[in-house]
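Asks: Taken in sequence, the protein lines are chains A and B. Each residue of the first sequence is one higher than the last, beginning at 1 in full-length UniProt numbering. Each residue of the second sequence is one higher than the last, beginning at 1 in full-length UniProt numbering.
These aren't lab readings, by the way, just hints derived from the structure by calculation. Heads up, the beta-carbon is just placed ideally off N, CA and C, and yes, glycines get one too. Do not take every clue at face value.
[What the hints assert, rightly or not] One side of the interface only, derived from the structure: several residues of chain B facing chain A at Cβ under 7 Å:
(1) Glu153
(2) Asp156
(3) Leu340
[Said to hold, decoys possible] Here chain A is said to cover these stretches of chain B; the calculated rule only asks that three of the stretch's residues, wherever they fall, bring their Cβ under 8 Å from a Cβ of chain A:
(4) 244-256
(5) 726-732
(6) 866-879
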Amino acid sequence: MRILCPYCGDRDAAEFTTIGSAPPPRPAPDAPMAEWHAFLHLRDNPAGLHAELWQHSQGCRQWLRVMRDTRSHAVAGAEACRS
Amino acid sequence: MTRLASGGRIDRAQTLRFSFDGTPYTGQAGDTLASALLANGVRLVGRSFKYHRPRGIWGLGAEEPNALVELREGARREPNTRATTAELFEGLAARSQNRWPSLRFDVQAVNGLFGPILSAGFYYKTFMWPASFWEKVYEPLIRRAAGLGRAPEEVDPDAYERMHAHCDVLVIGAGPAGLAAALAAARSGARVILADEDAEPGGRLLADRQEIGGLPAADWAAQVLAELAGFRDVTLLPRTTVFGAFDHGTYGAVQRVADHLATPPEGTPRQRGWTIVARRAVLAAGAVERPIAFAGNDRPGVMSAAAVRGYLNRYAVLPGRRAVVFTAGDDGWRSAADLLAAGAEVTVVEARDAVAPAIAEAARGARQILGARVAGTAGGLGLAGVTLTDGQRLPADLLAVAGGWNPLLNLSGHHGARPRWDDALLAFVPDAAPPGMAVAGAAAGRMTLAACLADGAAAGLRAAEEAGHPGQPLALPRADDEPAGLRALFHVPGRGKAFVDFQHDVTADDIALAAREGFRSVEHAKRYTTLGMATDQGRTSNVTGLAILAAATGRSIAETGTTLFRPPYTPVAIGALAGHQTGRDFRPTRRTPLHGWAAGQGASFVESGAWLRAEWYARPGERGWRDSVDREAQAVRRDVGFCDVSTLGKIEVVGPDAAALLDLVYANDIASLKPGRIRYGVMLREDGFVFDDGTCARFAPDRFLLTTTTANAARVLQHLEYAHQVLRPSLTVALLSVTDAWAQVSLAGPRARTVLGGLLPGVALGNEAFPHMSCAEVVLEGGMPARLYRLSFSGELAYEIGVPPDAAAALADRLLAAGATPYGTEALGVLRIEKGHVGGGELNGQTTAGDLGLGRMLSRRKDFIGRALAQRPALVDPARLVLVGLLAGAVLRGGSHLLAPGAPATTAHDLGHVTSACWSPHLGRMIGLALLAEGRSRIGTRIRVHDPLRGGDTEAEVVEPVFIDREGLRSRG
Numbered sequence: 001m002r003i004l005c006p007y008c009g010d011r012d013a014a015e016f017t018t019i020g021s022a023p024p025p026r027p028a029p030d031a032p033m034a035e036w037h038a039f040l041h042l043r044d045n046p047a048g049l050h051a052e053l054w055q056h057s058q059g060c061r062q063w064l065r066v067m068r069d070t071r072s073h074a075v076a077g078a079e080a081c082r083s
Numbered sequence: 001m002t003r004l005a006s007g008g009r010i011d012r013a014q015t016l017r018f019s020f021d022g023t024p025y026t027g028q029a030g031d032t033l034a035s036a037l038l039a040n041g042v043r044l045v046g047r048s049f050k051y052h053r054p055r056g057i058w059g060l061g062a063e064e065p066n067a068l069v070e071l072r073e074g075a076r077r078e079p080n081t082r083a084t085t086a087e088l089f090e091g092l093a094a095r096s097q098n099r100w101p102s103l104r105f106d107v108q109a110v111n112g113l114f115g116p117i118l119s120a121g122f123y124y125k126t127f128m129w130p131a132s133f134w135e136k137v138y139e140p141l142i143r144r145a146a147g148l149g150r151a152p153e154e155v156d157p158d159a160y161e162r163m164h165a166h167c168d169v170l171v172i173g174a175g176p177a178g179l180a181a182a183l184a185a186a187r188s189g190a191r192v193i194l195a196d197e198d199a200e201p202g203g204r205l206l207a208d209r210q211e212i213g214g215l216p217a218a219d220w221a222a223q224v225l226a227e228l229a230g231f232r233d234v235t236l237l238p239r240t241t242v243f244g245a246f247d248h249g250t251y252g253a254v255q256r257v258a259d260h261l262a263t264p265p266e267g268t269p270r271q272r273g274w275t276i277v278a279r280r281a282v283l284a285a286g287a288v289e290r291p292i293a294f295a296g297n298d299r300p301g302v303m304s305a306a307a308v309r310g311y312l313n314r315y316a317v318l319p320g321r322r323a324v325v326f327t328a329g330d331d332g333w334r335s336a337a338d339l340l341a342a343g344a345e346v347t348v349v350e351a352r353d354a355v356a357p358a359i360a361e362a363a364r365g366a367r368q369i370l371g372a373r374v375a376g377t378a379g380g381l382g383l384a385g386v387t388l389t390d391g392q393r394l395p396a397d398l399l400a401v402a403g404g405w406n407p408l409l410n411l412s413g414h415h416g417a418r419p420r421w422d423d424a425l426l427a428f429v430p431d432a433a434p435p436g437m438a439v440a441g442a443a444a445g446r447m448t449l450a451a452c453l454a455d456g457a458a459a460g461l462r463a464a465e466e467a468g469h470p471g472q473p474l475a476l477p478r479a480d481d482e483p484a485g486l487r488a489l490f491h492v493p494g495r496g497k498a499f500v501d502f503q504h505d506v507t508a509d510d511i512a513l514a515a516r517e518g519f520r521s522v523e524h525a526k527r528y529t530t531l532g533m534a535t536d537q538g539r540t541s542n543v544t545g546l547a548i549l550a551a552a553t554g555r556s557i558a559e560t561g562t563t564l565f566r567p568p569y570t571p572v573a574i575g576a577l578a579g580h581q582t583g584r585d586f587r588p589t590r591r592t593p594l595h596g597w598a599a600g601q602g603a604s605f606v607e608s609g610a611w612l613r614a615e616w617y618a619r620p621g622e623r624g625w626r627d628s629v630d631r632e633a634q635a636v637r638r639d640v641g642f643c644d645v646s647t648l649g650k651i652e653v654v655g656p657d658a659a660a661l662l663d664l665v666y667a668n669d670i671a672s673l674k675p676g677r678i679r680y681g682v683m684l685r686e687d688g689f690v691f692d693d694g695t696c697a698r699f700a701p702d703r704f705l706l707t708t709t710t711a712n713a714a715r716v717l718q719h720l721e722y723a724h725q726v727l728r729p730s731l732t733v734a735l736l737s738v739t740d741a742w743a744q745v746s747l748a749g750p751r752a753r754t755v756l757g758g759l760l761p762g763v764a765l766g767n768e769a770f771p772h773m774s775c776a777e778v779v780l781e782g783g784m785p786a787r788l789y790r791l792s793f794s795g796e797l798a799y800e801i802g803v804p805p806d807a808a809a810a811l812a813d814r815l816l817a818a819g820a821t822p823y824g825t826e827a828l829g830v831l832r833i834e835k836g837h838v839g840g841g842e843l844n845g846q847t848t849a850g851d852l853g854l855g856r857m858l859s860r861r862k863d864f865i866g867r868a869l870a871q872r873p874a875l876v877d878p879a880r881l882v883l884v885g886l887l888a889g890a891v892l893r894g895g896s897h898l899l900a901p902g903a904p905a906t907t908a909h910d911l912g913h914v915t916s917a918c919w920s921p922h923l924g925r926m927i928g929l930a931l932l933a934e935g936r937s938r939i940g941t942r943i944r945v946h947d948p949l950r951g952g953d954t955e956a957e958v959v960e961p962v963f964i965d966r967e968g969l970r971s972r973g
């Protein structure tokens, strides 16, 4: 698999590490426990376009939000989380 | 001998000796093992998988289902190698497989008599009952009977390597279509890789008597290869199989660098695994001829008619003098003509009622029987005769079968596309291919020479253009389209075993039986009969099997469909995938800057993650490691010692928002830390469990240096980057791993200040000037810049000194000269357990800060990672296992379970386990740290320590998890 890193260009997936689904926004400190539970544990598992977090750990070290089609592995785009 | 007097592409000047089953033979350079065996008149080369039937050579290349042999001996023994792809070399030793006691007399051939029992689904039906028989009776029985060759038992002595390459156009296959594609792309200026699995590129151009532009086809191929070799950006990879089409234009390939040699030359790998990233690919893998299922179609001497042409024209071998050609199309007639030209006596058995006059004319001299079929064969270990459906018997030592062609479109299906049945071609052709891949030539159903050349040239031009290199169409030399008429003929019904899948011994009757038993889906029938599941992956058998399944279920082949193709295209040695990454080279070994110094001081080393760390330093007279460790630990308690702690992760955190970021990742407060001071910190995961611990030194308001545990160094940096980039992108802060930039030494013991003072004359080191948990940038005597930290892991007065790596040995020498004792990780662990600091056994990912007695560190005044979920009821349950100390008279071992005294040793009574244990030279007793249910309330009681794995069972006293200086006076002294 190849990922188009916004900083380093088209790179092999072996240079990246992933934590899977991009998590939802982190709840406020005083949010109810149910909200924290959802934040930590609940993820979509779509057959199709899927937002994932990949870090270019053997490259620019940037965490990227990668849109990947889980059926074909086609990568629709990757953008740095900090941008 | 059946070698022809002239012709072929073998080197007649170079004779090679080889052996098969111990019998010596000779062949020529340029032979394969198969062609050399045929040249020596050897037809019987193996026994079949299930029925142990005698088998010979069917094909010409990688499609070979029958002629699987063991090559070489000893550690280099290689089972299940196709004789048709094994290049001959001097001294090659090959053996037949799956026979006992000998190839000519095989006891298990008796299986053939039980054919009706060993039919489709035999294993499923037979080994079902009774269940208790499975492990003791059935499985050993099946294992003994299963498999073909024997794997070597020694470690592979050869080297393998990995290569990565990028190109504009990858051309897979160097037959007519592939050569034309590569030439068109190369002339367009594209970077081209041309991979071909054969030793000599050319494909069918080497096997057939054809002309291109007035030249023999093989000469044209040589011309094109010479031109390609002249391009700077063209890479030719012979002996290279592209075995998989992966995502985004990534292809896997294996280059057999030295398989054609007895042993790889010095410095040369046996095989090279390639990862090729190609903008575009042209699949020009060609096609293989399929057999026809009729009784006895597996007898040695029954061969693919197109393979017979290959043996005649490429290897100058006449596989039989009295040949019958059984054909369902025009192609078989070309084999008849070539056999006639080589001097054989030929009978053509043509399934069609009529053929074009020109075709019959070209095989003038052969007896021609039209509208006929072969019903069976006769002979013992080799073919002696052929019977037609009308009862006619023909004596024969060679039966060449031409059933039509199967395009090798495998790689086009590696992303899940299923091919489409073409009723006119009588073949599956690709309907779709992975993005960026075009299929050309015979693989795409262009079955004739001129069509292959034109298709390949067009595909190569298009691929180059799509990769950004537009060019001019190739001016192709003149070539003819040979006649390619064909009728559908897959099976001649009759009595006797008609084989479809030779390698797995699947017969036409097996497929019909599967259909009757309800396995109508092609995927089910495949698994039930094992059709196409052998190492050749159904190269020759799939289409025939599908046709028989279609007929048995009253459907068309198109309706029946086909199974999916998956990588690898041919078997791949694991070594070629691993490359150099085996054994010690599986991953890099990290050595600290003091490694050489420690080795010179007699240190033993231990693996700690990727690191090698000094474990202890043995001294003369010590009787074992315990003597060394006790001496080192006591030196720290009573005098002074020093230890290499360079492996601890070190991360610089710099910027105006550095403190804000650290406040998010540490559970305790960091913002209030003053410059020049250090704080012990704990990080939680977001789920509330402890992630890592370490120290945080603040050198300036906007500059921190963190230490992490050795094991978590990379993960902590990643965690910090995540917290910054994903959770708090607005913070202005930079992170940098400086683990390798600083060699670090811990100097510990009552005399530590004195020794340090010798390195820093004139620097005030007293408790006023430099109290416990202070840090400073200093310059050592002699001008070496250093970082100084006053912190203690051992519980003694201690300092850590960080210096540039190349200054580490000089620092160690000075400490040694000042009388400090070097100590290793084992003594470090003893000191740590005595002091009750948590380590890897306690930071196990399942403990909370509260479990480890660190609950009061969690800040109530700020948000931090893990704060919310650390409050979950289960994480604050008072019944959780918590950290306690153990004192014992007998040996304590980590991992031992804790039980109430007198309680039975069952899971239900398990109260926890020992996490760390050692002999304490300070106390003169065994001590341990443990996680114990309701541990705080058990302090002062006794507990049973049970170790069923290693046979330990003793009692220990539960105590506070600190065995020395509970008030912490020593480290502050």
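Asks: Hint by hint, note whether the structure agrees.
Replies: Hint check:
{"no.": "1", "hint": "Glu153", "verdict": "violated, 33 Å"}
{"no.": "2", "hint": "Asp156", "verdict": "violated, 24 Å"}
{"no.": "3", "hint": "Leu340", "verdict": "violated, 53 Å"}
{"no.": "4", "hint": "244-256", "verdict": "holds (count 5)"}
{"no.": "5", "hint": "726-732", "verdict": "holds (count 3)"}
{"no.": "6", "hint": "866-879", "verdict": "holds (count 5)"}
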